[in-house]
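Chain order of the listed sequences is A and B. Numbered according to the working numbering, the first sequence terminates at residue 356, and the numbering increases by one at each position without gaps. Numbered according to the working numbering, the second sequence terminates at residue 641, and the numbering increases by one at each position without gaps.
No lab work stands behind these hints, which were simulated from the structure alone. Any given hint might turn out to be false.
[Claimed, not checked] Pairs of lysine-lysine residues, derived as BS3-like cross-links and limited to a Cα-Cα distance of at most 30 angstroms, are as follows:
1) A/Lys119 with A/Lys108
2) A/Lys135 with A/Lys118
3) A/Lys108 with B/Lys575
4) A/Lys21 with B/Lys631
5) A/Lys111 with A/Lys74
6) A/Lys118 with A/Lys108
7) B/Lys449 with A/Lys135
8) A/Lys137 with B/Lys427
9) A/Lys74 with B/Lys449
10) A/Lys54 with B/Lys449
11) A/Lys184 with A/Lys61
12) A/Lys137 with B/Lys462
13) A/Lys108 with A/Lys61
[Claimed, not checked] From the structure, some residues in chain A lie toward chain B, with a derived Cβ separation under 7 angstroms:
14) Phe52
15) Lys54
16) Met79
17) Phe105
Ideal placement from N, C-alpha and C gives every residue a C-beta, glycine not left out.
Here's the letter readout for the chains.
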Amino acid sequence: MSKLVLEELTKRFDNIVAVDKISLEVAEGEFVTLLGPSGCGKTTTLRTVAGFYKPDEGRVKFNERVMNDVPPVKRNTAMCFQSYALFPHMNVWDPHMNVWDNIAFGLKMRKLPSQEQKKRVSEALGILSLEGMEKRKPGQLSGGQQQRVALARAIVTQPDILLFDEPLSNLDAKLRVQVRVEIKEMQKRLGITSIYVTHDQDEALAISDRIVVMNQGRIEQVGDPQEIYLRPRTSFVAGFIGLANIFKARILGFEGNLTLLSAPFGALRVDLGRSYPIGAELDLSFRPESMSPWTGVGGNKLKGTILHAIFMGDAMDLFVDVAGHRLRARAGSAARIAAGDEVEFSIPESTFQVLE
Amino acid sequence: MERQRVGFSTYLFLIPGVGFIVLFIGSSIFITITQSFGLFSVTGTSQFTIDHWVALLGDRESLDSVLFSLKMGFLSSAGTILFAFPLALFLRKGGTGKRFLASLVKIPLFIPALVSAFLIINLISYHGIVNEVLVALNLINRPLRMLNDRFGWGVVGIQVWKNVPFVLLILASSLASIRDDTIDAARNLGAGAIQILAKIFIPLAMPGILVSAILMFIKAFGDFAITSVAGPVYPPSIALRMRNTASLFQEWDKAAVLGVIIILTTLVVTWLYAKLAEFVTGGEG
Chain A
1 MSKLVLEELT
11 KRFDNIVAVD
21 KISLEVAEGE
31 FVTLLGPSGC
41 GKTTTLRTVA
51 GFYKPDEGRV
61 KFNERVMNDV
71 PPVKRNTAMC
81 FQSYALFPHM
91 NVWDPHMNVW
101 DNIAFGLKMR
111 KLPSQEQKKR
121 VSEALGILSL
131 EGMEKRKPGQ
141 LSGGQQQRVA
151 LARAIVTQPD
161 ILLFDEPLSN
171 LDAKLRVQVR
181 VEIKEMQKRL
191 GITSIYVTHD
201 QDEALAISDR
211 IVVMNQGRIE
221 QVGDPQEIYL
231 RPRTSFVAGF
241 IGLANIFKAR
251 ILGFEGNLTL
261 LSAPFGALRV
271 DLGRSYPIGA
281 ELDLSFRPES
291 MSPWTGVGGN
301 KLKGTILHAI
311 FMGDAMDLFV
321 DVAGHRLRAR
331 AGSAARIAAG
341 DEVEFSIPES
351 TFQVLE
Chain B
357 MERQRVGFST
367 YLFLIPGVGF
377 IVLFIGSSIF
387 ITITQSFGLF
397 SVTGTSQFTI
407 DHWVALLGDR
417 ESLDSVLFSL
427 KMGFLSSAGT
437 ILFAFPLALF
447 LRKGGTGKRF
457 LASLVKIPLF
467 IPALVSAFLI
477 INLISYHGIV
487 NEVLVALNLI
497 NRPLRMLNDR
507 FGWGVVGIQV
517 WKNVPFVLLI
527 LASSLASIRD
537 DTIDAARNLG
547 AGAIQILAKI
557 FIPLAMPGIL
567 VSAILMFIKA
577 FGDFAITSVA
587 GPVYPPSIAL
597 RMRNTASLFQ
607 EWDKAAVLGV
617 IIILTTLVVT
627 WLYAKLAEFV
637 TGGEG
């Protein structure tokens, strides 16, 4: 197990800056997810940690050791790939690369005694419920099973850092949820420092101790899943993670702890947690689920016309026109709301978030 | 699933391809086989006989030719792969310089075998450029015999020179199909360059290596042009002996026996390859 430190890490490809001076500390045993759209630099960062890329500037440190010039072979990291990257079965010479040989590959490379290899592979097979599949060829396994073999192959070497490069992207939705729970449980049990790369916000929220949201090679925000979701600091984070109503508002005055704002869809009373000068213009956001049909108590009361009402099973997804401004709202799945209805909504004062 | 009905018109579309093979290749193979048993004879009477087979199989010179051609087949195919594989590995990941190099090495592909034989002769003949330079530099006293040598190294050399680009094409596509992730996974798990070569590149490129081996073997085994220019005085390659038997000695039936031997050897080697390929991929490929 290692602590991972990235200091002002920069990686360029020709003239394109893929990773731009990012700094990050990952504690021992922590599960950190790099989240962002494609091209944001998350995979480049991961591959730089693995040693496949050399940083152009900055440092990669495991514990206190600078790893910039250490080849991937000697970093004691283990990576799970989106494509699983299992070694195919070929009868050229031993090993024949069945499930067992795939898992044992890293141990063979480390020249561990065969007794130890057997013990560790058996343990890994047990942890990932792969018992009985040792002799199967990779081509005979389902996607989920192949990814579990890849996981077993990674943990069996007892790496200091586990690296995941979108490992669930090739699985169907149900299996993705199942395997991500398995990954999380396995990581907690073994306590291996883990860096996980994904563009799937649900996955990131579900699996991580902390999330690093990246955009255009830079870190936008670092925080635990709740913090990232409930208190996005930038409009990029607010827009990328979940759905958000983002708008500009001007400060009109104060009323106790609450700030009075003029928003494009009406006046609002909000709790911003700190004070801003009167007249200042702020970028604000709130989540659709904070805006629900009026129940008679508290919050900001807004009246709007329903543009679309989409039944989602567990909720109603509503597109609402409030004073010519389009907002997203939520209602319970039992609500009888249809397009064209006039509905009163409430938004609690504390759900607004100021964006940088 | 219901089997699709194949109509008469579907078979009509196959005529240009399959028809050509059946009519021209099939018939000539048929004639060659029958002629080797004295039937449909070009010269003399048509009568079934195994005399030609007995004569040729008991003939030391013919046996030497077969052995010589087998030797050329195996050595040329092994040599070409030994030269082409490292090159294919080097060119696997393109770059500006590498792309240029890749086009450069393909030049021999467009030169006919006979022409390349003459080109190489200029280089390595007894008074060729290489020998003259070596003598001029006082590195050797007498020119080296690199052509028409008794073993056939001259032939192997030209075969390799001529066919490296061809085999390179096959090996390159074979290596290109290996995913970078697979190699990164091995590096990540502690495999060094040699282990990656031994455990990843060679095993996963093996189907391509086998295809190259078989095609090269067939080419070199049945070679006429290169051996006739650069080969030893004795024995001639089997194709050369076949031509001599037919056109110099006018023994067409005996030439047919040699033809059948070439065809049979090729078939056996191809069958062996198919079995080997099936074994290598474990039936998955």
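Tested hints:
For the suggested pair A/Lys119 and A/Lys108, the alpha carbons sit about 13 angstroms apart, so the restraint of at most 30 angstroms is met. With a CA separation close to 14 angstroms, the supplied pair A/Lys135 and A/Lys118 stays within the 30 angstroms bound. Restraint check: the Cα-Cα separation between A/Lys108 and B/Lys575 comes to about 41 angstroms, which exceeds 30 angstroms; the hinted pair is violated. Simply put, A/Lys21 and B/Lys631 have alpha-carbon atoms about 56 angstroms apart, too far for the 30 angstroms limit, and the pair is violated.
Only pairs whose Cα atoms come within 30 angstroms are accepted, and A/Lys111 paired with A/Lys74 is accepted, the gap being roughly 14 angstroms. Of the supplied pair hints, the one linking A/Lys118 and A/Lys108 holds, its CA atoms being roughly 11 angstroms apart against a limit of 30 angstroms. Under the criterion of a C-alpha separation no larger than 30 angstroms, the hint pairing B/Lys449 with A/Lys135 is inconsistent with the structure, at around 34 angstroms. At most 30 angstroms may separate the alpha-carbon atoms for a hinted pair to count; A/Lys137 and B/Lys427 exceed this at roughly 38 angstroms.
A C-alpha spacing of about 24 angstroms is found between A/Lys74 and B/Lys449, which places the hinted pair at or below 30 angstroms, so the restraint holds. Pair hint A/Lys54 plus B/Lys449 holds up; C-alpha atoms about 18 angstroms apart against a cutoff of 30 angstroms. Distance restraint check for A/Lys184 and A/Lys61: the Cα-Cα separation of roughly 24 angstroms lies within the 30 angstroms cut-off, and the hinted pair is therefore satisfied. Note on A/Lys137 and B/Lys462: the hinted pairing is violated, with a Cα-Cα distance of about 38 angstroms set against a maximum of 30 angstroms.
Restraint check: the Cα-Cα separation between A/Lys108 and A/Lys61 comes to about 27 angstroms, which is no more than 30 angstroms; the hinted pair holds. Because the closest C-beta pair between A/Phe52 and chain B is about 6 angstroms apart, less than 7 angstroms, the hint holds. Because the beta carbon of A/Lys54 sits about 14 angstroms from the nearest beta carbon in chain B, more than 7 angstroms, this interface hint is broken. The restraint placing A/Met79 at the interface with chain B holds, with a minimum CB-CB distance near 5 angstroms, inside the 7 angstroms limit.
Below 7 angstroms, beta-carbon pairs count as interface contacts, and A/Phe105 has one with chain B at about 5 angstroms; its hint therefore holds.
Checked against the numbered hints given earlier, the structure breaks hints 3, 4, 7, 8, 12, 15 and satisfies all the rest.
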